[in-house]
Amino acid sequence: MTKKENFLKGIFKENPLFVALLGMCPSLAVTTSVENALGMTIAVIFVLVLSNFIISLIMSNEKLAKLVRPVRIPVYIVVIATLVTVVEMLMHAYLISLYKSLGIFIPLIVVNCIILGRAEAFAADNKPVDSIIDGLGMAVGFGVAIVIVSVFREFLGTGLLTIWGDLQINLNFIFDFLRISPVGMFTQPAGAFISLGFILAIIAAVAAKRQEKQEKQAKEVKANV
Amino acid sequence: MKKNNGLISGLVLLSLGLICGLLLALVNELTFDRIEAEELRLKFEAIEEFYDIDDFELEEVVLEDGSIYVLRNQNTSEIEHLVYSLTASGYGDVVEMLVAVNVDLSIEGYTVTYQNESPGIGTKIVGNDFNYNEADDLSTFDSIAGATVSSNAVKAIFNQVADRAADDFGGGLDD
Numbered sequence: 001m002t003k004k005e006n007f008l009k010g011i012f013k014e015n016p017l018f019v020a021l022l023g024m025c026p027s028l029a030v031t032t033s034v035e036n037a038l039g040m041t042i043a044v045i046f047v048l049v050l051s052n053f054i055i056s057l058i059m060s061n062e063k064l065a066k067l068v069r070p071v072r073i074p075v076y077i078v079v080i081a082t083l084v085t086v087v088e089m090l091m092h093a094y095l096i097s098l099y100k101s102l103g104i105f106i107p108l109i110v111v112n113c114i115i116l117g118r119a120e121a122f123a124a125d126n127k128p129v130d131s132i133i134d135g136l137g138m139a140v141g142f143g144v145a146i147v148i149v150s151v152f153r154e155f156l157g158t159g160l161l162t163i164w165g166d167l168q169i170n171l172n173f174i175f176d177f178l179r180i181s182p183v184g185m186f187t188q189p190a191g192a193f194i195s196l197g198f199i200l201a202i203i204a205a206v207a208a209k210r211q212e213k214q215e216k217q218a219k220e221v222k223a224n225v
Numbered sequence: 001m002k003k004n005n006g007l008i009s010g011l012v013l014l015s016l017g018l019i020c021g022l023l024l025a026l027v028n029e030l031t032f033d034r035i036e037a038e039e040l041r042l043k044f045e046a047i048e049e050f051y052d053i054d055d056f057e058l059e060e061v062v063l064e065d066g067s068i069y070v071l072r073n074q075n076t077s078e079i080e081h082l083v084y085s086l087t088a089s090g091y092g093d094v095v096e097m098l099v100a101v102n103v104d105l106s107i108e109g110y111t112v113t114y115q116n117e118s119p120g121i122g123t124k125i126v127g128n129d130f131n132y133n134e135a136d137d138l139s140t141f142d143s144i145a146g147a148t149v150s151s152n153a154v155k156a157i158f159n160q161v162a163d164r165a166a167d168d169f170g171g172g173l174d175d
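Chains as they are written, first to last, in the numbering used here: chain A, 1 to 225; chain B, 1 to 175.
This list has only true hints and no planted wrong ones.
Straight-line distance between alpha carbons at most 20 Å, and here's what the computed DMTMM-like set of lysine to aspartate or glutamate pairs gives:
1) A:K100 / B:E38
2) A:K4 / A:D125
3) A:K127 / A:E5
4) A:K100 / B:D93
Only some residues are given here: those of chain B computed to face chain A with a beta carbon under 8 Å:
5) V27
6) N28
7) T31
8) I35
9) L42
10) D93
11) G120
By construction, these hints were calculated from the structure, which means they are not laboratory data.
Since the model is a prediction, treat every value here as computed from it, not as a measurement.
Where is the CB? At the ideal position from N, CA and C, for every residue including glycine.
Given these sequences and hints, build the entire structure.
In C-alpha cells, the structure reads:
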C-alpha cells in the first residue's frame, strides 16, 4: 500500500463513521452544529495521530514490544487518556467556548473505538510514519463524516450553519421560499439517527449505482470481445 | 522466567503511567493560569452586560454552588449591586446563570452563561424574557412552552436569588 492509499483509505474505503460505523456515540451527540463537528475533528486528529505514533514507536522496538504485549490494552488506554486530557486542558485554555460546547464528549474520546481500534489494528504492527499517515487519514475521514452529518442536521433543524464563533450562514431564506419551517427534531438525538440513516442510504444507493454501471460496462466489454 | 516477564511488563506500564502523569502535570502547570483567567474573563464579560465594572469595587463571595459578585460604591463601600452566578439542574446538563440585582431589589437583568439544553427547545432559555422583575417576587415568572425542564432550572436559580437577595443587601454578606 502506498502512502497516498494509506491516507485515502480512511477517508473513503474504510471511513470510520460511514463504512465501519465506529465512534457513533460522540459523532451523533456533537453534530448539532458544524462548529462542534470541526472542534471534535481537531481534537480527534490530535489524539489519533499522536496515539498512533507513540504506540507504533513503542511496538516497533522488539524488546519493548515483547514486554508491553501482555499489557498492551492498558498501555494504549494510558497513552490515549493522557493525550485526550492534554487536548482537554489546551481547549479549555485557548478555545473556551468550544470547550464548553463539546462538554463531556472531549473526555469521552478516550473510549472512542476508532482510536483504540487503529492502535490495535494498525499502529501496533506498522512503522511510525505509516501509523501517522493512517491516523491522519482516519481522523480526517471521521471529520469529513461528522461535518457532513452536522451540515445536514443543523441546516434542517435550524436553517443555520454555524461555522466558527460568530461566523454563521443563515439559510432560512430556503425555508421561507418553500414556506415551511426548519424541523427542530433534526437537532434532537432522534434526528441524529434519522440523519445518519439518510446519509448512509444515499451513500449505499450511489455505491450500488456505481457497481451496477461497472458490471454493465464489464458485460459490454465481454460481449464485444 | 515468565513470572519475571509479567513483573517487568507491569513495571513498564507503571513507568509509562508516571511519564504520562508528569506530562499532564507539566501541561496543567502551563495552562492553569490561562484557564482561570479565561473563566474569569467570561464571567466579567457577562457582568459588563449589566454594569460597568470599572465604576465599582468588585468582590467575589464564593458560595457552595456558585458565587456572588458584590459591586460596591468606590467612595462609601456600600453594596450597590449584586450579581449572582448560580446553577441548577437542566435537561442536558446544569444551567448556569448570572442574575444582576439592584439595591432596591429590582432585577437589572439575567443571562445564561452555560447550558447544554436541547437545541431549538431548551436552548430558548438563552436570551428569553422570563418576566422576572423583582428579586423577591416570582409570581410574574413566564415559563417557555415545551421547555419545562429548562424553564424549571431557570426558575430554581431565580428562587435561590429570591431567597437570599434581601438578606444579602441587608448585611448578610458582611456578616
